[in-house]
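A.B. asks: Residue numbers 2 to 524, in my numbering, belong to the letters of the sequence shown in order.
Simulated from the structure, these hints should not be mistaken for lab results. Predicted model only: the values in this text are computed from it and were never measured. Where a beta carbon is used, it is the ideal one built from N, C-alpha and C, also for glycine. Watch out, some of these pointers could steer you wrong.
Claimed, not checked - With beta-carbon atoms standing in for the labels, derived distance ranges: (1) Ala233 with Asp257: 12 to 22 Å; (2) Val304 with Thr327: 18 to 28 Å; (3) Arg278 with Glu322: 53 to 63 Å; (4) Gln155 with Asn443: 42 to 52 Å.
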Amino acid sequence: MNGRSDSAAPATRHAPLLLTVLVSAVIHGLLLAAGWVLITTRQDASPESSSLSVTLDAAPATRPDSAAAGVAENQQVNQAEGPVENPDENPVVTTTAEAPSSAPAVSAARPNSVPASVSASVSAPHTVSPPQTPAKQRVFTPAEQLHLQQALEQLVANGSPVLNQAGDSLLLPDGARFAVDVQTVNAPGLTDLARYQVTLSQQQDGQVFSTRAIVQERAFSWYAKFINSWDADVVLASDTVVGRFHSNSPVNFSADRLRQPVFSGPVSIAGYQGVSRRLRNSGMFRQGIETGTGAIAMPDAVVPTVFTLADTSLDVHRFDEHTRLTFLVDGGFRWSQSDSREGIIRPAPGHAMLIVAENDAVLELSGTINGVVSVFAPRRLSITGNLRYASDLTRGNQQPHFLTLISNGIIEVAGPAQTQPGDLEIEAALFARQRFSVRRFNSRPQGELIIRGALVAGSVSATEPRYTTRIEYDARFESMRPPAFPTTGLFDIEQWDQQWRITAAIDGSPAVAADTPLPEAVE
2 MNGRSDSAAP
12 ATRHAPLLLT
22 VLVSAVIHGL
32 LLAAGWVLIT
42 TRQDASPESS
52 SLSVTLDAAP
62 ATRPDSAAAG
72 VAENQQVNQA
82 EGPVENPDEN
92 PVVTTTAEAP
102 SSAPAVSAAR
112 PNSVPASVSA
122 SVSAPHTVSP
132 PQTPAKQRVF
142 TPAEQLHLQQ
152 ALEQLVANGS
162 PVLNQAGDSL
172 LLPDGARFAV
182 DVQTVNAPGL
192 TDLARYQVTL
202 SQQQDGQVFS
212 TRAIVQERAF
222 SWYAKFINSW
232 DADVVLASDT
242 VVGRFHSNSP
252 VNFSADRLRQ
262 PVFSGPVSIA
272 GYQGVSRRLR
282 NSGMFRQGIE
292 TGTGAIAMPD
302 AVVPTVFTLA
312 DTSLDVHRFD
322 EHTRLTFLVD
332 GGFRWSQSDS
342 REGIIRPAPG
352 HAMLIVAEND
362 AVLELSGTIN
372 GVVSVFAPRR
382 LSITGNLRYA
392 SDLTRGNQQP
402 HFLTLISNGI
412 IEVAGPAQTQ
422 PGDLEIEAAL
432 FARQRFSVRR
442 FNSRPQGELI
452 IRGALVAGSV
462 SATEPRYTTR
472 IEYDARFESM
482 RPPAFPTTGL
492 FDIEQWDQQW
502 RITAAIDGSP
512 AVAADTPLPE
522 AVE
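Please take these sequences and the hints and turn them into a complete structure.
C.D. replies: What follows is the structure, given as structure tokens:
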């Protein structure tokens, strides 16, 4: 059975209807376009209605509406993501609460998703503040180096009183004046040396020239051997001093073919003392000798108990009669007295110990030191045997043990009947305000007296023939002091940048007299 298709006929019948629908759609599109223009015009006329904008730090660019709409879309998506980067123009994009009033606005809308009040703005180019120019720097010329070296040396030579007056000024003999600013780096403590930052400044032609140095307090332990008044009956014949040596008075040196003293560090003597060419060329003074230097005053008395103030980590033990102390390798010490009383004292964990002889009590000392110990006697301390640290001094600054012996009177080495035959080793810093002595020094030779640390004394006795003497400086004392050890009141330049730091003068810059120019640069 055959049939026929009727599909062509309906298409022909509905053609007028399709044409009518198409014309209506075109007219409707034109009406929508007119409405779009009207909305845009109203938005451009009311910039105050913008509550959020995207600022582009780039030159103004004409964007088609589709591009502007894309910016608005990206702005909404990236509000929580920070700056947005345009891969084409690489402008820097930041979101702000309000568009700049001077910026032209290009508006875009996304029906049913973005409110008409949200817009994107393209800002005109603006000037970016350059980063703050860092201070210029210039190395000193030789003339400036010498001039400022003199200024710093004059400052530190005056010691604590000047350094404690921050904001003071320094006047040099040639009339140059520097403003001085002093800041504390660290305050003095049981083993800490005071350190200060000193800034010397001068203002010229609207610029401030400044240089900074770190100065450190000098303790008497800075010297391997320091003698206030040399005994005229004592001759240095075969001693060895490894470290600095200083005497406030002339010293008797002796050298011949068989023996002579050796000084491995610098030697300084206050006042005038003639030193023959033969001695200077003998190899005795390995780092030279300087005479005519200034005297360094010793304190009249030392009271180390002042270091106990506000210090809860220091254990203080007092003895008011003659007592023998033997230090123990595991910490603390054993004590005994003539009436058979005795005991053992241990320090609290992590605490230093200060042992004090009251009135005229004498303390006899020997043993192995474990920890930080200071011993003080107003009259006399007697060393009856070796005093060694629990670990080797070759550990340097990692060595945790310290021993300080301080007496306003005498520190002595006991006679041969109390000390053992052979060498006597003392690892400690010794300060004897009046005298350091070896009892019965003229007895038969016993060995070598070795002091590893520092010896500071008002005067010294002879040690030979009983002992030859060797003093080895404890390098830890360069940057710290033995517990409670006295200080000289002087300061040393620890660090110095040795260059000008040049900045623009502002309010608060140091005021320096205009008639005191900087030292002339010698290029």
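A.B. asks: Take a look at whether the Cβ-Cβ distance between Val304 and Thr327 falls inside 18 to 28 Å.
C.D. replies: The hinted range 18 to 28 Å holds for Val304 and Thr327, with Cβ atoms some 26 Å apart.
A.B. asks: Using the beta carbons of Arg278 and Glu322, state whether their distance is inside 53 to 63 Å or not.
C.D. replies: Once the Cβ atoms are compared, 55 Å apart, the range 53 to 63 Å for Glu322 and Arg278 holds.
A.B. asks: Should the hint that Gln155 and Asn443 are 42 to 52 Å apart at their CB atoms be regarded as holding?
C.D. replies: Given range 42 to 52 Å: holds, Cβ gap about 47 Å.
A.B. asks: Mind checking the hinted window 12 to 22 Å against the Cβ distance between Ala233 and Asp257?
C.D. replies: Cβ of Ala233 to Cβ of Asp257: about 20 Å, so the range 12 to 22 Å holds.
In the structure shown, no violation is registered for any of the earlier numbered hints.
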